[in-house]
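*Asks:* So the chains spell out like this:
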Amino acid sequence: MPRSRSLFAALTFGLGAFHGGCIAYNDSCQPLVEDPDAVVGYLADDVLLDKVYTRHDNNALGQLVADALLHAEDDSTRPAVLGVVNGGSLRQEGLCVTRTELRQGPLTDGVLHELILFENLVVTVDLTEKELVDMLELSVGALYLEGQSIASPSGAFLHVSEGSSLRVDCAQPKGSRVRELMVGGVPVALPAREDASIRYRVAMNAYILEGGDGYGAALGNAGQNPDRNPVQARKLGGTEANLASAYMKAKHPTPVQALREESRVIFQNCALPARPAGR
Amino acid sequence: MAVPGRAEEPGLLHSPPERAEPRAALQLDGTLVEGRRVLELYVRYRGPGEPYARRPMEREYGDLYRAVIPAEHVVPPGIEYYVEGLTADGQRVPLFQSASRPARVLVGGETPASASIVRPTPPPERRPPPSRTPPRAAPLEPPPPPERSRAQASAPRKDSPPATPQDDSMAALTADLPADAPTEASSSARPSRTSAAAGSAPAPREPVTPRSELEEDLALYSAEDTLALATRHEAAVRTVPAIGASFSQQQLRSLGARTVADVLDVVPGLSVSRDVQGFHRTAIRGLRNDAEVLFLLNGHRLNSFFDGKALMNLPVENLERVEVIRGPGSALYGAGAFLGVVNIVTDTSDGVRTAVSVGGYPGQDDRLAVTGNGHLSAGHTAGNLRVFADIDVWSQAGDSTVIENDGLDDESRSQGLRDVTDPAGRTRDERFLFNAGAGATYAMGDAGRLGASARFLTERRSALVGLFDTVGEDSKLGWNVFLADLTWERSFGPDVTLRARAGYDQQSTDRFFQITPHDFSAGTGTNRLFEEGMQEQTRVSVRSLTGSVDADVALGAYNHLSLGAVVEQQSLGEYDYVTNYTLDAQVRPDGLTRPEGLVDLTSGAASRRLNVGLFAQDQWTVVNALTLTFGVRMDATQLPTVDASGAINGTRFVPTLNPRVGLVFAATDALVLKALYGRAFRAPTLQELVERIPDTEYNQGRFEGNPRLQPATVDTFELGADLIQSAGDARVRLRANAYVALFGSPIVPVDTSGNIVPLRNRELGVRVYGVEGEARLEASKRAYAWLNASISRAEDLELPAQSRLLTDTPQARFNAGVTMPIGAYVNFDVVVRTGAERRNNSRSVLELIRRYKIPSYSLITAQLRTEPILEHFEVVLVAHNLFDNDLRDDVPRPDRVPGLLPREGMSGFLTVRAHY
Chain A
1 MPRSRSLFAA LTFGLGAFHG GCIAYNDSCQ PLVEDPDAVV GYLADDVLLD KVYTRHDNNA
61 LGQLVADALL HAEDDSTRPA VLGVVNGGSL RQEGLCVTRT ELRQGPLTDG VLHELILFEN
121 LVVTVDLTEK ELVDMLELSV GALYLEGQSI ASPSGAFLHV SEGSSLRVDC AQPKGSRVRE
181 LMVGGVPVAL PAREDASIRY RVAMNAYILE GGDGYGAALG NAGQNPDRNP VQARKLGGTE
241 ANLASAYMKA KHPTPVQALR EESRVIFQNC ALPARPAGR
Chain B
1001 MAVPGRAEEP GLLHSPPERA EPRAALQLDG TLVEGRRVLE LYVRYRGPGE PYARRPMERE
1061 YGDLYRAVIP AEHVVPPGIE YYVEGLTADG QRVPLFQSAS RPARVLVGGE TPASASIVRP
1121 TPPPERRPPP SRTPPRAAPL EPPPPPERSR AQASAPRKDS PPATPQDDSM AALTADLPAD
1181 APTEASSSAR PSRTSAAAGS APAPREPVTP RSELEEDLAL YSAEDTLALA TRHEAAVRTV
1241 PAIGASFSQQ QLRSLGARTV ADVLDVVPGL SVSRDVQGFH RTAIRGLRND AEVLFLLNGH
1301 RLNSFFDGKA LMNLPVENLE RVEVIRGPGS ALYGAGAFLG VVNIVTDTSD GVRTAVSVGG
1361 YPGQDDRLAV TGNGHLSAGH TAGNLRVFAD IDVWSQAGDS TVIENDGLDD ESRSQGLRDV
1421 TDPAGRTRDE RFLFNAGAGA TYAMGDAGRL GASARFLTER RSALVGLFDT VGEDSKLGWN
1481 VFLADLTWER SFGPDVTLRA RAGYDQQSTD RFFQITPHDF SAGTGTNRLF EEGMQEQTRV
1541 SVRSLTGSVD ADVALGAYNH LSLGAVVEQQ SLGEYDYVTN YTLDAQVRPD GLTRPEGLVD
1601 LTSGAASRRL NVGLFAQDQW TVVNALTLTF GVRMDATQLP TVDASGAING TRFVPTLNPR
1661 VGLVFAATDA LVLKALYGRA FRAPTLQELV ERIPDTEYNQ GRFEGNPRLQ PATVDTFELG
1721 ADLIQSAGDA RVRLRANAYV ALFGSPIVPV DTSGNIVPLR NRELGVRVYG VEGEARLEAS
1781 KRAYAWLNAS ISRAEDLELP AQSRLLTDTP QARFNAGVTM PIGAYVNFDV VVRTGAERRN
1841 NSRSVLELIR RYKIPSYSLI TAQLRTEPIL EHFEVVLVAH NLFDNDLRDD VPRPDRVPGL
1901 LPREGMSGFL TVRAHY
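If you're matching them up, the sequences are chains A and B in order. So the first sequence is numbered by the working numbering: it starts at 1 and just counts up by one. So the second sequence is numbered by the working numbering: it starts at 1001 and just counts up by one.
Calculated directly from the structure, the hints in this document are not laboratory data. Please read all numbers here as calculations on a predicted model, not as lab measurements. Hints may contain errors.
[Stated by the list, open to error] Far from chain A by the CB rule (all over 12 Å, computed), these chain B residues: (1) ASP1029; (2) GLU1430; (3) VAL1567; (4) LEU1626; (5) LEU1806; (6) PHE1828; (7) VAL1876.
[What the hints assert, rightly or not] With the Cβ distance kept under 10 Å, some of the chain B side facing chain A (calculated, not the full set): (8) GLU1404; (9) ASN1405; (10) LEU1408; (11) ARG1692; (12) GLY1770; (13) LEU1846.
[Unchecked claim] Under 10 Å between C-beta atoms, here's a sample of chain A residues computed to sit facing chain B: (14) ASP27; (15) LEU95; (16) ASN120; (17) PRO253; (18) PRO255.
For each residue, glycine too, the CB sits at the ideal point set by N, CA and C.
With the hints as extra help, turn the sequences into a complete structure.
*Replies:* Right, here's the structure in full:
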């Protein structure tokens, strides 16, 4: 019996030791960039990150990404005239901590990459005017009417880049909500013309270009059509987050040049999220 | 004939006949001595290649007992039997011979071996020279007194012939039947490597395994711990060239298991979870993929050609055993035997067995959610004909647990479909299962044995939650399976056994999902109002036709060769996907209709698949105690080819070569070491290749078929050790395995974008390594304890180091059980199953942020089980999840269903069994 007791003691000890030492999990808090504390720029105001703010309203962070995409191919012969990013690309979950807002002031590279979590590649492509308008109609088609509660804002809502704006009337039926549109500082007459030779060079992430968030209905196979000259961004790995980080460093490096939200989408008769007083 | 070693021990005075007439019932008579404690006597017998069957010995008068072995089992080359008694306190005591050393009777007049082949050395106690046998005498050998004397009895086995992975359980099929002229000289001729190699020297046809009775009794899970999976013929788990486990009927009973899933969850290295649709999913060694675990029912594949799923969660009442191999089995079983193989074997033995069970879960409003199930299995032998049948009927209300949140929380609340405080719904686990099978075998004399069997299974159940991330309480899932087999087996002389099999199966599934609540609006207007909720339905039927021929050839004393060829034609009969909503979420006026743009799968080149496989496996006993196994299987699998745009333009045969090498070394009588290597492959399922569901806002959670997928491979290296020790009156068995598995080009669904994404082979592969340990301590037949523990680590090598670990199945499992008698008539069983914490994988950013953490769990099954009452009845009272542990499983969208998937709570069942 002593032999059996020692056998079991050894077995139990061995199992315990092995159990304790060999169970491991991924460190979900592992930073996504080498120097997560590096400051990439400054925010002029607090930026709210709940879905209603990133998917149902203008948002400084969304506008930053759209601007970064707009300038992704500035070195090429045919730079984009419009950059768009879907609100669903802006995430509040983070790696370890869910953030409800970013405080005004410095923004670090680590946090920025957590906010633009998906490593979507950026593609610049020609769209016809109809495709462009259909895309924007789809963007605003799921906006809630004024008076409704914004229960489940769609991630398809697009933020647009500097120099572009649109006026949206949520009282209109889906497909006719965009009432005014300006792209790259140039007004676009509505409804869109069917002439397929009228092209707008637009930068967006590969997710929506490949049909994500329902954009397949508007964009078709534009991303695979050589005639549309799709070009994938190459610098900085070509991801949204890296491009946005570099753009922030270049354009908003000091508190004086801090990133500030602009009223690029003008909402009419649409539900809008309540903002904390003073913002 | 030997004299009982101890006069006070019971024994049977019996002389086995030297020969028996083929296909004539064999009558056995014996006199019970010192049998005051013995209430009943049983003879356990088997014919070639059969498991042991049991028959009671009836008292004729005085102490004379008699049993008749049915004629159907009395076929050449011979039969084996032993006799045991059942005491008043439920103990089984050996009376005459034993399972490891049965009496053997030569059947028929044919010479069992050619003159050039000399029988192996039988241990003296195995086969006493008939010439010495008096007509009636004392038992053949000392009935082994319990425990210590058995351990001692193993010592003389050192003189036994060389070890082999083959075990005595195969002996009736091929092994050392008495020579036609047994002599002392032949019985003393010790086979040696030299004699085997020379070929001309006398050598046994089949080496005898030096298994001790102790070893037999201490099989980890049962006294008949045999496994046919690894070698295609029954052999001891301990010595087969694979890491396996086998659960006998007795063990299934003592586990308190009600279904196959209950059994699999206690196998070291296996974890069974459920998904939101209610399917049971078997993870093996840290990885979980439905198409990668091959399920066989009586050797017939259960996995569907379309999606790889198997209707495997059958009741265990009518099962004879469940066999499990962890690790690859492609060398014998071809595609799909990837993570492991599970063979479910029904009980076809003679007699009638019935069971009725009633119980359930404490349901809502303190009412019991009732489950009732009935089972019948029977076998009968009449001359050369043997017939058998079994039926399961299972009706379950199932547990029901609140799901607080689902993916449509916001919409449902804003539409007034439920209050903010209302939960999204409840799980539903209703199930009706009907399983009926029947078959017959007919011994045709020299023409061999012909067998035919057919089975029909049908299941109707609800979805546990729903399709993906929403509660769909109206969901209904139907599954019909028809299996048919025709087999023929014939021995050509003593050295060659040929088997042929033709198999057909058809599976049809009808999966209807409710994916939104009733009265759900997908927008404004009546054309977007879904009164019955949004719905979709997928109907699929597949067929397969299989023909196979294989042969076991004894190439001399130390070499056993298995050869085979398999041709399998699988095809898709019907595929239909319909929805009651359009792609832009409007109500379809005609109800459930095929959506625009749906790819018709039934006419494509991928809808049929021909697979041709050739395999050979050789077991070679090189020297005493060392056996090598070499196996290889070549498959040619028909897979689609694609053009530059990715469209399927034809098919081609993709060859795969799957070798298997095993080394089994019986270092001592008590210690067996194994070193194994095996490669396996699995072809992509039809669903993985071609299914494409139109992408809408409401039917997410799917992956798009990719015709470019290539078969995945796995190379597995395993080391195993098996040790038996006697410790005082108790006996201990230990088993440990370590393994490394390297998966090449695995097909893994990884959501990288939130869209419907195409499946692809992960080119850098997956690596898994781990250890498994098992132990069993046996004090008596009715008092024993067992435990097993396993730890695995799975890594996706395509990822950065900090994200590699795959942790969605428990990395560590610990299971244990205790069985003990309470008085003479009742047994108490306790089984504990524990699993380590599970967390989401992080192979993509989406997986990373769809976080969950499932704490470690501990589930207890407790059972009271009577010994046979009035010889025919047993009553069992079992409680599962006794302390109502809140077990949860993972869901695909934990961000939308943060409460995860609730599993079954406490339940209780009363079962009455009767056998005749």
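*Asks:* Under the constraints set out in the numbered hints, which ones does this structure not fulfil?
*Replies:* 5, 8, 9, 11, 17, 18
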